[in-house]
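A.B. asks: Sequence:
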Amino acid sequence: MGVAWPYANGGLHLGHVAGSLLPPDVFRRYQRMAGRDVLMVSGSDCHGTPILLKAEGEGRTPTEVVDAFHAEHVEALRRLGIGFDLFTRTTTANHEALVQEIFLACLEMGYIEKRTQQAPYDTKAGRFLPDRYVEGTCPHCNTEGARGDQCDHCGKTLDPQELQDPRSKLNPDAPIEFRDTDHFFFLLSKLQPKLERYFAQHKEHWRANTQNFTQNWLREGLQDRAITRDLTWGVPIPLEGFEDKRIYVWFEAVCGYFTSAVEWAERASRGDFEGLPAGAANLAADVPGAPAPADADGWRRYWADPESRSYYFLGKDNIPFHTIIWPAILTAYNEWREKNGQAPLVLPFDVPANEFLNLSGQQFSKSRGVSIAVHDVLDRFQADAVRYYLSVNMPEQRDSDWTWDDFLSKVNDELVGTLGNLVHRVLSFTQKNLGTIPAPPADSDLERDVLAEVEACGRDMADRLDAVELKKAVRRLLNFAGWGNQTMQEAAPWKLLKEDRAAGEAALYALLRVVKALAVYMAPYLPDAAQKTWSMLGEDGSVHDAPWSAATAPLQTGHALPVPQALFRKLDPKELPGAEADAKATEASKKSTAKDAKKPADAKQEAPEAGVVDFDTFQKVQLRIATIKHVEEHPKADKLYVLKLDVGDLGERQVVAGLRAYYEPRELEGQTVAFVANLAPVKLRGVESQGMILAADHDGAVSVLNPQRPMPAGASIR
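Just so we're aligned, residue 827 is where the sequence shown starts under our numbering, counting upward by one.
FYI, nobody ran anything at the bench for these hints, they're computed from the structure. Treat the hints with care, as some may be off.
As the list claims (entries may be wrong) - Label-pair restraints from in silico Cβ distances: (1) 1470 - 1122: 50 to 58 angstroms; (2) 1364 - 1187: 44 to 52 angstroms; (3) 883 - 1130: 40 to 48 angstroms; (4) 1187 - 1133: 40 to 48 angstroms; (5) 1027 - 1274: 40 to 48 angstroms.
As the list claims (entries may be wrong) - With a straight-line Cα cutoff of 30 angstroms, these simulated DSBU-like cross-link-like pairs (lysine-lysine) come out: (6) 1297 - 1358; (7) 1455 - 1297; (8) 1298 - 1396; (9) 1509 - 1462; (10) 1142 - 1298; (11) 1165 - 940; (12) 995 - 940; (13) 1142 - 1016; (14) 1470 - 1509; (15) 1358 - 1396; (16) 1029 - 1396.
Given the structure is predicted, the values throughout are model-derived calculations rather than measurements. Ideal Cβ positions, reconstructed from N, Cα and C, are used throughout, including at glycine.
With the sequences and hints as input, model every part of the structure.
C.D. replies: What follows is the structure in structure tokens.
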């Protein structure tokens, strides 16, 4: 398992956790419990221009910057209970040596070639500039401050030469010249046929966003990409005459999935995880059951066995790097390996990329200051509470929102009120009335019903987890806990103990089996609560070492139950940023609704004020959910797209929308959006538009409106 490498230019925020860090931890914990041999590796991405910019801006060396943030990453992951077999970094000698081997192998096999290109040169500093050291005005949206690689305002990728009025970030007043420089290019175009075959073999089990991003890149035709830069921070080019250049981060960093596995095997074979770079750690101690290879070649069973499957967890903005670029590098490298009598490495089997987690509608971004730092939230709330909310709110198919009032609701109503309540009710009632776990009954209809439901929940969750549908699996867990609460209420052991003690003990034994199953099934999501429940039941060792089938195993009877402790803490609205304001707004809305409800039913509606639409008029607007099937550029307008929509029972519609400055086609395709379905058709620059997509517009940013939960095309919006 490969996990996207967080960039070592800042701390981790909850967007990182929801997008690429929590999902693999849940998946890994389950797979281990299912009896599968799993290796999970990652680390801090320590090279690239953002780190140089941060170091120069703060008067520190790049090494000082990455040391500090790598250590912070490790501590944040530890506090969240996210474990890796190795969480390393891209500055190790092992990583450098293997990246250089891969570079030379691709060069030897004819997939890398040297070319001369023009690059920005700062005449005052006397040096070539990386893309991000150049700023100017975006040629597409005319926004100032666009970088030499991308405009954050409209999202377009750029080259420094495209910028209007380009200037150096080092010396804004000094002129920039574009001079010839030699660099190495990776020939993606040469590998396109092989990548198309790879895509055809795997796309069926990929998520829609992964398919769409990849298909769009292939449809547009792969372009050769420069893989070296005029830098002195990064992996050196292993050739004479290129001492002042480095292998660029987009080529080098993805190689880390392989290099870290090799490093893990070498260290694990010696049992030596000491002496890692500052802050690095083997985080597997927090997740029992880590594999233990017999020798330094232990990585081969994950990378060189054709039966093994590799999964890559990341955010949607990194999809092409893992479905196009990394498979291309592996394909080229494998030709060299086979030529030299070595087994080829496996290509990615699945790339379950998540959409974005937003903060009250705004995308998490360290650079824009829109984020919730992991350390900040863990200083105030239980790690399991954070993990639960991110799990039930995981942006698997579409962007999702972190809102404090919803966090409060989910934790108090679901985690505390449903799951935690059931565990505490059963354990506390049994401890108070029996003191120990009773013997299993000889015959019990309730126990048979419980066992059937436990098995059904385990099967359903396993199916969802194997398909990396983590949100559906945790919802099944919550439904099971709700069923357990209802079953306890219906069984009424407090009555049975008075009427027939044996029947009461039998009912409690069956309910304790529900609690044991919950301990097993919540282990991937809520590791701390799962272990506490497991221990209170008197089960040996760690629940994370137990098999998934342990949920159906009989209880250890006779165990003296301790006074149970609550698994989760109920939240007070006053603890939450913005929750008071949300509560006041909700209360004001309730009062307004109550006031309106007091009006006589036959009261006449007052004439609307100017600019106000009455309810009858609003009802005439037909709002539907639509799925964007295809996007292409308008043939006569550089700001417009022509979109094909599936509107369910209304069929296919064509819409012309001014979204070209804000979205790439691949970002729109596959999205479900709000759609005005009964607008009269109009022609925009010669192309008919049969409706309107709704979008929010604020301070120059535009976002199409998506439903928070999965909705079919054609669903009504009311």
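A.B. asks: Hints first: check each against the structure and report whether it holds.
C.D. replies: Here is how each hint holds up against the structure:
1. 1470 - 1122: 50 to 58 angstroms: holds (54 angstroms)
2. 1364 - 1187: 44 to 52 angstroms: holds (47 angstroms)
3. 883 - 1130: 40 to 48 angstroms: Holds - the Cβ-Cβ distance for residue 883 and residue 1130, about 43 angstroms, lies within 40 to 48 angstroms.
4. 1187 - 1133: 40 to 48 angstroms: holds (45 angstroms)
5. 1027 - 1274: 40 to 48 angstroms: holds (45 angstroms)
6. 1297 - 1358: holds (23 angstroms)
7. 1455 - 1297: holds (24 angstroms)
8. 1298 - 1396: Measuring from Cα to Cα gives roughly 24 angstroms; hence the hint holds.
9. 1509 - 1462: holds (12 angstroms)
10. 1142 - 1298: The given pair, whose Cα atoms are some 20 angstroms apart, holds under the 30 angstroms limit.
11. 1165 - 940: holds (23 angstroms)
12. 995 - 940: Distance of about 28 angstroms is within 30 angstroms: holds.
13. 1142 - 1016: Between residue 1142 and residue 1016 the Cα gap is close to 25 angstroms, so the pair holds against 30 angstroms.
14. 1470 - 1509: holds (15 angstroms)
15. 1358 - 1396: holds (17 angstroms)
16. 1029 - 1396: violated (43 angstroms)
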